[in-house]
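Trainee: Keeping their order, the protein sequence lines are chains A and B. Everything in the first sequence is counted per this note's numbering, starting at 1 for the first residue and increasing by one. Everything in the second sequence is counted per this note's numbering, starting at 768 for the first residue and increasing by one.
Note that these hints are calculated values from the structure, not bench results. Treat the hints with care, since some could be wrong.
Claimed, not checked - Straight line, CA to CA, 27 Å or less: simulated DSSO-like cross-link-like pairs of lysine-lysine:
1. A:Lys217 x B:Lys876
2. A:Lys203 x A:Lys457
3. B:Lys925 x A:Lys61
4. A:Lys80 x B:Lys925
5. A:Lys560 x A:Lys61
The structure displayed is predicted, hence computed values, not measured ones.
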Amino acid sequence: MDEEQGEAGDSSGGAEGTTSFSRRDALRIASALGLVSLGGGAAWALLEGELAHQPAVSWHKSVCRYCGTGCGVQVGIRDKQVVEVRGDEDAHNRGKLCIKGSLLPVLNTLPGRLTTPLIRKDGKLEPASWEEAMSLVASRFSAAIREDGPNAVAFYGSGQLYTEESYTANKLFKAGIGTNNVDGNPRLCMASAAVGYTRVFGKDEPPGAYEDIDHAKVFFLAGANPAECHQPLFERMLARRRADPEVRIVCVDPRRTMTAEYSDFHLAPRPGADLLLLWSMAKVMLDEGLFDDKFIAEHVAFRTNEGKAAGLEELAAFLEDFVPEDVEVQLGISSAQIREVAHLFAASDATMSLWTMGFNQRVDGVALNTTINALHLLSGQIGRPGATPMSLTGQANACGGVRDTGSLSHILPHGRMIAKAEDRAEMEKLWGVPEGRIQAQPGLHAVALFQAIEEGKVRCLLNMCTNPGQSLPNLARYRDAMDKVFLVVTDVFETASTELADVVLPSALWLEKEGVYGQSERRYQLLEKLLDAPGQARSDLEILVDLAARLGHEQLITAKTPSAVWDEYRLLSAHSKYDFSGMTRERLRAAHGLQWPCPSETHPGTVRRYIAGDPFVPKGQEVRFYGHPDGRAYVHLVPYEDRSDPVDADFPLVLTTGRIVEQWHTGTMTDRIPEIRQGTPRGHVEMHFADADVLGIRDGEQVRVQSRYGAIEGPVRVTRGPRPGTLFASFYDAKWLINQVVCDRVDPLSKQPDFKTTAVSVRSVSA
Amino acid sequence: MSLFAWVTLGVGGLTLVLGLLLLIRGPSWLKRTRPIQLGVVALSGVATYKLVAFFAIAALPVATLGAAHVELLEGAKSVEACAGCHVMWPMVNDLHDPASDSLAARHFKNRYIQGEECYHCHSGYGFNGALSAKLEGYRHLVRYTTGIYQEPIRMRGKFDTASCLNCHEGTRPFEAINSHHVASERLAEGTMSCTNCHGPAHPTRSERTPGDAHYQGLMRDPL
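Just chain B, same shape as in the assembly (with noise of 0.2 Å):
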């Protein structure tokens, strides 16, 4: 578990003490005349209760949400979220498999990426990259939960390039292959993919269509 999701449950925990104590206790607070020793200050007991109902009800509630936020927003980022959607296996699986040529399985070969290897792809540079692939996500889930999407199914839009010559431009091996400086307007504006030499990138369409080969197998749950 991330950190943020044991701050989530420490912090929406003690929201729960904190609200069952004030139901329990808050009524006799309020009648209460004398102040409460709480520590080194003395409250009374109404401010006790305002001070108690404050954190139960406002600022623990607001930190709970906001953790949670942060941990869902970060915990999208794994395979495993990714994989929390059965069309998603086949990537997933392809990822893993030793044996795959496909670029995702390469790059998860090479080991230059360690975790979160959907996302850092799909995910362009900077706050913005971060927000839009966020927005893409949210976009999966209400089509995946609303059921409004079609097997097998195909990455809408295109692929930023960006992501790719963010790691490859300027090394050796990339720079070494003339056809890269040819193209490297191309490739810079996005209209011509990276994937046209060293692609597929993923299982093909027809390779997660019943009927295929290897259609089982990439069906398996990876989880």
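Only chain A is shown next, with the shape it has when bound in the complex (with noise of 0.2 Å):
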């Protein structure tokens, strides 16, 4: 500071009365410059570190808890808790999740969790501890089972529990305790799909992926609504209409629906008709020669209705019946678009069909599913990018959970039977059983499970992640059995189910317990533990280990974590056409997700099966369909027969229940996140202008809704929704039971009850 003073008088002194640039300027400059590069940086670091400053999140990868569109998610959480839940970019669903997704960031804080096992006593539900709750739940089986065998229980499970789960559990039930009474909700809600890909193609599961949206030319939407229920999926359709102006899509439903908003071709059956629809799309095609004679040469074989060998013939004779112009009429579409809809599913370069509810919730679930199949057989819309049948799972993990491990009463793992001697055998072997040990008989589908119960066969029953004292059809009959049977109910808050419970066990929720989902295009990811569960909470895992240990079965259940139950299970897949024994944890933990086939730890995993590329089609080979032993796919003859709820003059409209965009279900999450209970109607009947103006019913007016079921009282929405002669409401509403009038007829083959077309009156009820 001297130097420089001293310096600056110096030359001040000097250049006196001059014009020469001196040193003193020189500095002055240099000091000027010095502060501005100065205040710039300072003004940078002060930009940097107001970012800096912002409280620090850790993002984590995982999966959204709700439908089986199964989008991936990044977590961030701060302190413990979730504080931002967005669309993980990486995943297949490209950053992109719905409303529900969105507020996930809600779900882990909402009050009113259960933190205590509880046990009814007096009526009453009382908080107990663990240990009093699970000796009672295991000396209330072991007696069920000493006294009327091991059919007086049943699991009933849900595909919202983790693989780890529904493995462990149907394991213990089939292999330990020696019953197939393990059902649960997918039996409500894809059981005919399931049914349907094993009849045609030999094997469960869909052959291609949501990969094929990007390539589709054509949408075949048929009794699926995914603008609201598998949104995402819907806006990566629309995204591919956007890129190429030639793409169309066709809904077709019963109701104006928001995907129908959005659609080229809205065809709108008569309830309980559409089989007519699908068949008479088949005669055009083989009328204008839109037939793929190749491929259904090379590929395909014929089936008639009772299982006998047929060929092309046969099928030309069986179309006879489905004129356009003579089934247009019961049908409810006109001739002509039925024509134009059939030539555009044929003639496209690629057509896409996605199905679900509508026609698995259906009595012809199964003929729904094969002939949908059929057309893509037919036309030669498969095995290409952007050609197949895909059909969309409701729960999040349906298809891996439940489908996969087998947890269904008339399946056993990877597309192994129940009925099958073989099967039975196999895994007996694979599980270190006895031989014998699994029961020859298929096990209680839901439905007769509920009707055992109601006739006091089945004594006890545990209910795992799921609500069937909302989700049941026919809802007050099977409520009153549910109230009789030692009913054992796990979940995460008070539902409509654990009011029917004799004992509550508080579970863990997502995030705060590990285990894979699998989603409805055969991918399987990973979620990862990374919130503690509030209270006494365990998970679903931690109680089926304990009841195993307490029923006699330490010896069968040995993998007690997620990840030992994992490697267990994957090696077990090697032994069969499922094969993902190369999903190791580690690549499930790295990877954003991976599909089956995935027979090794260097294999990518399968995007399309029975095409060269899945492990399994012989070298050489471009299609093999080789769930059948003859390689090919069948076609079934199904007919159409109307076995849906009849309608009369008594019951002369319809009912058919749905989903909203905002609601998962039967609400015991969502309708508790209060932006979506404060967004979103309570329960209510659609009704349609013209069928409102026939019954004198007002907007908003006070009904009766009565079916040969039941009957329930609300408002009524006077919209253009539902097709005259159709109503529609939703069952997420706990306080608005709408299956009550559902009725519990179900499809012969894969025993999914009909929740789509109940018959039903309607009278005002207003003063």
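Hints in hand, dock the two standalone chains.
Mentor: Shown next, in the form of structure tokens:
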């Protein structure tokens, strides 16, 4: 400083009166420049600092809790709390979610969690210790098994349990206790799709993948409302249409859904008659020469309804009953539209069908499933990018956790059937249990299970992670049954089922336990444990492992952690065409999901099955439907029979049920999220203007909806949604149980109940 | 070239001319005793020197700097300015790609935003919005020129959902979707992002990583 001043003094003296550039000037300029850059640097540091100061959030890869789309999410966690959930850009959903997924941060913070086991004493659920609750459960189950045999107990599971949990429950009940009474909510959801695929391809699960959406030219959406129920997938279809103006979306639905609003064609069939549409489309394809004769000759076989081998001649004769002009009145869709859509479907470069509950939850669910697959086989719209029949799933882990683990009453892991002796023997060997341990008779399917409970044949029921007290059809009847049985319910909140339970076990929620979800396109994704469960809540796996030990099956259920169970189950798959033995825990931790078959640790997974690239298709072959010994896919000639709940003068309207985008399943989680609860209407029934006019019903009026099974009163919304003659209601409102009106007719093959066509009458009850 | 670029050039040129004039003729003005006739007024030599000096050394340079700054700040709004740094090439290439379904490309195709597309979405409302966008641009500039960044770049902080809502809120297609009403508070306070359902806005980080199928196409020089 001194030196600088001295120099400055010197130079100022020397420079007096001259105009030359002095050292002093140089210093001035230098310090000015220094100041400016200092200021600039400081400003920059401030800007960076402001951003760095934002609280640190750690991001973790996971999967959405809700539907079968199985969207990848990134969960932002700060101070052991979820602060934000974003779509995972590197997952199949490319960062897109729906409103439910976007509101996931609220889920784990909701009040009202069950935190301690509860035991019903004098009609009231009282807190108890785990020891007390589990020893009560074990003693009741043991007593029932001892006195009435293993079929006196049952397991009712869910497509929301993790794969490790469903697998363990299935193994414990079928190979340990020795009962095939293992069923669950997926019976109400996708049994028809599973049976349909198995009949057509010899193996369950779809041949294609979501990626086909990016290549399709025509989307045939029947019995599906993806704009609300699989929203990120519909967004992907719209993206596809934006990219290629020739892309067309066809929506088949008796209701003008949000999907229909965005579609190029909306065909509204009379509820229950849509099998006529599929076969009449086949008739048009045949007449207009739109069959892929080469593909049919090489890869397709025909079966009559009686199961006999048939050929194209039998098909042609069979299709004589489905001339569009002959079926249009019964179907409710004009022959011109049938012809146009049939042509569009068969002649496009790549047609992708997507369907879900509108086809599955039907008395002719399997027929619809086999026939939609048949349309693809006949027109050769399969096995190419964008050409595929894709069944969408309702629940997050119905495919991976239930269909693939074989956790239904008629199946065993990886496509094996209870009814086949060799399949049972193989599983007994793999599980290391004595020959004959697995019963030869399939167990009780969901509806039969609750009927057996009603008759007192099943005395104890373990219900995990699902809410049959709200989701079953003909609900009043089966709620009475649930009240009689010794009912154990594991859940995170009080539900319409816990209120009927004798023991309630508090379970861990999403992110509070580790496990694998498998969504609609054979993709397995790992969800890691990121949070601690509140209070004494335990994962369903811990509960099952504990129960197994108490029932004396500790030797069988040796895998006690999610990763140990996974390794056992993963290696088991190597003995099947599902082979995903290459999906180690480490790979699943790193990958954004992997699609099976994936037979080795270096295998990238399989996007499309049954074509070159699938590890089970022999080298040199382009296509092979290896699920059947003859390598062919089957077209089943299933005639149309109107087996739906009959519409008559007493019950002149048809009630159909479904979901809305904001709410998921029975609303036990979503309807607790304040934004969703406030933003969605309470239980109500939707009716077309024309029907309202005829019946003299005004919008908002209280009406009574009566079926042969039950009745409910509630407000009516008069809209242009459902086609005339049809009513619509959603089932998320726990205070308005619409399923007590819904019929419990089931598909003869899949045993899936029909939630879509219940004959009802409606009258005003407003004063 | 923009108006302010022309102004900068004009004023800057004039500064140069006057400065040269001052250097060459200045000394003779100072020695001159007779007034100099400048149009209708006559000024003494010293006064002329001071006047020209005022413009050449003070007024015009300030005006030039001002115009240059305006040009810089205005110019920074352009897509070309953003494309000046290669890390932004994927965003710009994607923006102009008719086959892309990113939010940026969809907005570009719709032609609702004509020109200055980057700036339009990446600046908030009013003076504060403009100021923070400029400051952010300044931060980018410092990082880029000093090389303190990693590719593929990621957005720091949060995109302001108000930029979306300013145009979309209240429109019929927006209001017709019930989920927007369910989410309205969170969208307004920014705790839920529009891109959650409608994203991604730009090519993802993986697509901007060497080895990805999209990488080569995205890294072309768009200018």
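Trainee: Please flag the earlier hints that this structure goes against, numbers listed from lowest up.
Mentor: The structure breaks only hint 2.
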